[in-house]
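Novice: Below, each chain spelled out in residue letters.
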Amino acid sequence: MTVFLTIVVIALFGITLWQMSKILKLSQLKGADNSQVANDKDNNLHGKLMLAFVIFLYLLTIYCFVQYHTFFLPESASEHGVDYDQLMLISMVLIFIVQFITQGLLHFFAYKYRGKKENKALFFADNDKLEFIWTIIPVIVLAGLIIYGLFTWTDIMNIDEEEGDPLIVELYAYQFDWRARYSGEDNELGKANVRFIEGVNTLGVDVSDVYGKDDKITNELHLPVNRKVIFKMRSQDVLHSAYMPFFRAQMNVVPGMITEFSYTPTLTSEEMRNSEFMVEKVATINKIRKEKSKKLVAAGDEALETYTFDYYLLCNKICGTSHYNMQMKIIVESEEDYEAWLKTQPTFGEQISAQASN
Amino acid sequence: MSAIAHADDHAHDDHGHHKETFITKYIFSQDHKMISKQYLITGLIMGIIGIAMSILFRMQLAWPDHKFTIFEVLLGDKFGADGVMDPGIYLALVTIHGTIMVFFVLTAGLSGTFSNLLIPLQIGARDMASGFLNMISYWLFFLSSVIMVLSLFAEAGPASAGWTIYPPLSALPQAIGGSGMGMTLWLVSMAIFIASSLLGSLNYVVTVINLRTKGMSMTRLPLTIWAFFVTAIIGVVSFPVLLSAALLLIMDRSFGTSFFLSDIYIKGEVLHNQGGSPVLFEHLFWFLGHPEVYIVLLPALGITSEIIATNARKPIFGYRAMVASILAIAFLSTIVWGHHMFISGMNPFLGSVFTFTTLLIAIPSAVKAFNYITTLWKGNLQLNPAMLFSIGLVSTFITGGLTGIILGDSTLDINVHDTYFVVAHFHLVMGISALYGLFAGVYHWFPKMYGKMMNKNLGYVHFWVTAIGAYGVFFPMHFIGMAGLPRRYYTNSNFPYFDDLADTNVLITVFAIITAAAQLVFLYNFISSIFYGKKAVQNPWKSNTLEWTTPVEHIHGNWPGEIPSVHRWAYDYSKTREDGEYVIAGQDFVSQVIPLQEGEEEMHH
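In order, the protein sequences belong to chains A and B.
Heads up: the first sequence begins at 1 in the working numbering, then just goes up one per residue.
Heads up: the second sequence begins at 1001 in the working numbering, then just goes up one per residue.
Next up, chain B with everything else stripped away, as it sits in the complex:
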């Protein structure tokens, strides 16, 4: 079937009449495929900034006495005088690294990219429900990214109160320099980011509910779409709460209110604020902050579900259980926020409740992990780079998830709270896992995005160096956390008790630098493949989902001619008839658009 030949039929569709200029096609585009690429590239650029920052502060932690010219070059005379990092700018780097990675790379870069690309393509829609809102959503994200980057140049330094921006530290410029202009820009940037995220999420939800093609029932949706759909719902539920927290904080900072401030004496002066509570801010922040973890992780899990099934040439094991666990995780994720606050001074009884709900969330997570493993069992695994990253994701998800059992237990949290144990835990379970999801998605859908193939050998190098490096960074980190080493310390050399951890910190930094260097391989591969990659065929991974029935060349409206209708679920890989022959002879996959064959039984989906 030559899809291009049908291009002429396109005219009967109400899309595609208007003439596209450079600006409407590449800049203010309303096409979901272009918007997804815009999200991806913006996300990758933010990722480069975020990772570069982590290398800077890892160097500081590993060699606190050493002078690095690079500090002076990058941080300037003020914060990196003579190659010595200023303690304030160390906190700023940690803060902005966290903010950029969590929100700008793993929320917008991951969910923004793949929700936009895959929702219309996999449900059989011409575009998002509102292309215009979608465009606004991207440009608001872009604006917020620009403001966040600009905040790095604030005179007294960017926001430095940790990515959780707990007041009073974040509210009082007297407490730390970064809480002046830097924090103002941070809050403005995040407010715009939240608006962008809400517009995007509402669009995703509406599109999934309303624009599914004929035959695409909810139970036939690929797991990617389920994940994006539920992620969007969590986003709509929880992001507004962060916005309200940010607004109240802005009022405390600029208009003299006391939502989060009370009884403060700083720099020789009593502040007038009375009656507020920082604990209230913590509640509001984590009401978003915890679901945010799943906003980051669920799309990655959705992406891997799809990639593992395709490359294992097997249906995903327990489709319904997978959907149920996505829903369960989504529900539970909104009632576990208090496990970040066991020792915040809130009522200990609340701690018991949150321990209970938190350990409950381990159950659907465990089910997902077991189902992935079973999907590999007796498969015919095609170990493409995307597949390797997906398997890597399951591995880091398990390792990081298990230590969650320690941290989710209010008792055990007492002594490891805010130590490097926590840092190791969340980097593995959400940072690295979600990044693997992002990489898997890029390798897998690159042909769909750019019509080219990425170089697989470079992909393999990228994966193996990253896989070893990521464990090399975060596995030993658990142990220095168990030693009681607090996070967010500019140097550990002020306590002789921690002197014997210095070598481990060097080791971690070395692994971090190697791992970061490996990402350059990815960047090279990504950019060179866009221009010089091998031209992709229509369905390179022999996949069942609808996006692979569209032509390689992007057209507005996705399908030339009619939108295909769907006759089966997305996971009929290696399905056989009673006589042991594949449903379609000689082909181990059956696209969703192919009607049930004679004598074939439909799965109960």
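Next comes chain A alone, as it looks inside the complex:
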């Protein structure tokens, strides 16, 4: 593919140069019309090219959808994500309709009314009715979108700790990794501040706070399926952003304050991995990786590992040189598996006393 594309680039570049030299030659001919102002011939040619251009634009759109629709994220793995996707679909359909019509008109008019010496333009300076119509239509459509969007927004951002039995988890960001802190039996996070950071206490949990004793600090994020989780986010150094695309979730992590986001995971990692979309996607990716590995092996390097899908959390706010590689694995599993995993993790209190006894 790369070789092919390189050849295409070189070919296109060559053609560009060749055309340019040709045009240079043409432009140097001292013909009859050397005013450098468009004449009927230019109008005719470029009017037609305008029509060709909008066709190019339509084809590009179609090509991108056909070729790249596999890029879109799979069905949402969180509860609110379903509404999110619905709103996205409606907005997308809407803007593509508008895009299709307006681009069509713009370029078609550029073609249809391309200038000719004998033509006369229509002196048409104002029309209140028309202008009213195309002010009011966007007003109505946008009002609909605004209202729909705001309802969804309020639903997502209204985080109620009292409702149901939410799991409270702290997401802790630092250059360049993530930690999760589970609130333990009491479902209450211990107080923390970077000023308490010392030794194994890398998250700065307040040792004197009893709520902190049973907290569990992990470097993987495990979540039970179908239980609301509330993330409390804290950063140690600079701005980060916790981006969990499969859950349609993102929130900046800000030093000096605690930010929150909440969702309910609905699909386990296993379910997502076995979904039709993901099986196909992973197969494609592994095919690409295999091709790459062949080259690597031939060059004496190690082959790439085969990819299996897992949810991930990415840093999505520029945070320093290794920003591009600041990620954490997310595992959504059944309540039992989650509990079993959590049991194997040491509590903060245990970690501290282990350090003390050393």
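Be careful, since some hints might not be right.
To be verified - Okay, derived cross-link-like pairs now, DSBU-like style, lysine-lysine, Cα gap no bigger than 30 Å in a straight line:
| # | chain 1 | residue 1 | chain 2 | residue 2 |
| --- | --- | --- | --- | --- |
| 1 | B | K1067 | A | K120 |
| 2 | A | K120 | B | K1378 |
| 3 | A | K41 | B | K1378 |
| 4 | A | K287 | B | K1067 |
| 5 | A | K117 | B | K1535 |
| 6 | B | K1378 | B | K1542 |
| 7 | A | K120 | A | K48 |
| 8 | B | K1378 | A | K112 |
| 9 | A | K48 | B | K1542 |
To be verified - Derived contacts from chain B toward chain A, CB cut-off under 8 Å, selection only:
| # | residue |
| --- | --- |
| 10 | P1173 |
| 11 | I1176 |
| 12 | I1264 |
| 13 | V1270 |
| 14 | I1391 |
| 15 | I1398 |
| 16 | P1476 |
| 17 | L1596 |
Keep in mind that the hints were calculated from the coordinates and are not lab data.
Every residue, glycine too, gets a C-beta built ideally from N, C-alpha and C.
Chain B: place on chain A using the hints.
Specialist: Quick look at chain B alone, frame taken from chain A:
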């Protein structure tokens, strides 16, 4: 009418007495026409640097495993050792590319060039209200450009915290190398730039209000002037806020204050800072940052309004609606900044408010787009290169503007925030659109600036390659954004999930290189036309506005003899009498200086 013959009358004017030396004419010139050329050329040079940087980081994104000698040559042994780009310098390139393109090319290069050239010429003034301030404004801009370029040579690298320079990253040299000397120079450069921009803007506002010629009422102003005027007002309102943000950041960096910093543990050390908030910086930054988008875009829209009307040989459709939408956009632009911060941790209720105002701004924008399309309808389109770029602008403005509906919706922003979807959106709606405006302006007013014509065939090549290339770069980019690919990643190959996007990244880079190469055609055309271009006639595009009543040769004071007075609006193209004949027989335009003809009805303007 031979304008040159009147040159002798010039003596009665109070301009033109002093003898011009090389220095006062070409370097420390106070003449708005020369200053505009200085802005343009400085802007173009900065543009070359900015675009070259984008090619470098696009190459890195497309072929992350490949070693390029050019990296070693351009970035040096330290940042491009063995042809491998350093991840830190990647961020620096992205940062400086953004800064240069937004501020130095599209603010100063576009608005600086054309406000200076056109405001006095189109309102009928001898020069700007203060030629001296205008000169200072340019030289401050030049100084800030020099400092910005010098910052590239800082030992630990130039500023690397993104063009939005969010603290704490931008405040702490421990967090990233570029936040040392590089960031200091960045802040100094921007502070000077803001001073330059303010001096310029105040001058534009005063000139438009006070120096209009007889008969040039506000409602007879060409839309270009309306756009420049309102742009200057937004600049005066919002740039000082960026200056205050920059000053507070300087204090945090150098004097131990805590405006934006709190609770930070970095490199094994707790910092003393307490109580500040990075979110405050975001508010201050975007209070300028969002209006800045319109500071970039409105002049381009003004330029295209003028060019589309002239080349369609039709009045711009809905002049009053166009003015109203410029005003509405200007007003709304100052109350939408929060849509950059939906997920910054600010109160979600604020998010609702900003969603509301943001989607409102789509309305005047839509009106403008519809009015452009209607202006083309039943016109007699003269498809000069300037016209093609103007139509291209409307096209990219629509494409880029529509995705704004997605990003402006706080809900939908959650999952596409800071992905390539955003990059595609703003490059189309403000980057490419404003660049098209710049190109359209240069092609259209080149005869006025240099007295020569640019080669139209090279212009056509430039346009078509750029038009296809720009869509080729940014259209597929929406799709990799929808895949959840974050921006500002040095390489995407650390996530196997993104492996299938690699080919698309190659495609985008290929288009970017072709498009950048096409700009060389423009540069060649620009430079060679200055020296060898065909000599221009006085009014090559048969336009109505006042600048085309001045002689081709530049004179100090613009018009020999008296300043013409104005009798009509700027858009009497193809206006006919009741009998269907043009108002002036055989001529489809009526210059603003021509009095109402017998039996002619004036438009209500």
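Novice: Now, for every hint given, state plainly whether the structure supports it.
Specialist: Evaluation of the provided hints:
Distance hint between K1067 of chain B and K120 of chain A is unfulfilled; the C-alpha atoms sit about 59 Å from each other, more than 30 Å. For the given pair, K120 of chain A sits about 9 Å from K1378 of chain B by alpha-carbon distance, which is consistent with the 30 Å threshold. Distance hint between K41 of chain A and K1378 of chain B is fulfilled; the C-alpha atoms sit about 19 Å from each other, no more than 30 Å. With a C-alpha separation of about 24 Å, the suggested pairing of K287 of chain A with K1067 of chain B holds against the 30 Å cut-off.
A threshold of 30 Å between alpha carbons decides the hint, and for K117 of chain A with K1535 of chain B the separation of about 23 Å falls inside it, so the pair holds. The suggested pairing of K1378 of chain B with K1542 of chain B holds, with an alpha-carbon distance near 19 Å, which does not exceed 30 Å. Restraint check for K120 of chain A and K48 of chain A: satisfied, since their Cα atoms lie roughly 19 Å apart, inside the 30 Å limit. Distance restraint check for K1378 of chain B and K112 of chain A: the Cα-Cα separation of roughly 8 Å lies within the 30 Å cut-off, and the hinted pair is therefore satisfied.
For the suggested pair K48 of chain A and K1542 of chain B, the alpha carbons sit about 24 Å apart, so the restraint of at most 30 Å is met. Nearest Cβ of chain A to the Cβ of P1173 of chain B: about 12 Å, over the 8 Å cut. The hint is violated. A least Cβ separation of about 5 Å between I1176 of chain B and chain A falls short of the 8 Å threshold, and the interface hint therefore holds. A cut of 8 Å between beta carbons decides the hint on I1264 of chain B: the least distance to chain A is about 5 Å, and the hint holds.
Proximity of V1270 of chain B to chain A holds as hinted, the smallest CB-CB distance being about 5 Å (cut-off 8 Å). Interface restraint check: I1391 of chain B against chain A, minimum CB-CB distance 5 Å, threshold 8 Å, status holds. The restraint placing I1398 of chain B at the interface with chain A holds, with a minimum CB-CB distance near 5 Å, inside the 8 Å limit. Nearest Cβ of chain A to the Cβ of P1476 of chain B: about 6 Å, under the 8 Å cut. The hint holds.
The beta carbon of L1596 of chain B comes no nearer than 15 Å to any beta carbon in chain A, farther than 8 Å, and the hint placing it at the interface is violated.
Violated hints for the displayed structure, listed by number in ascending order: 1, 10 and 17.
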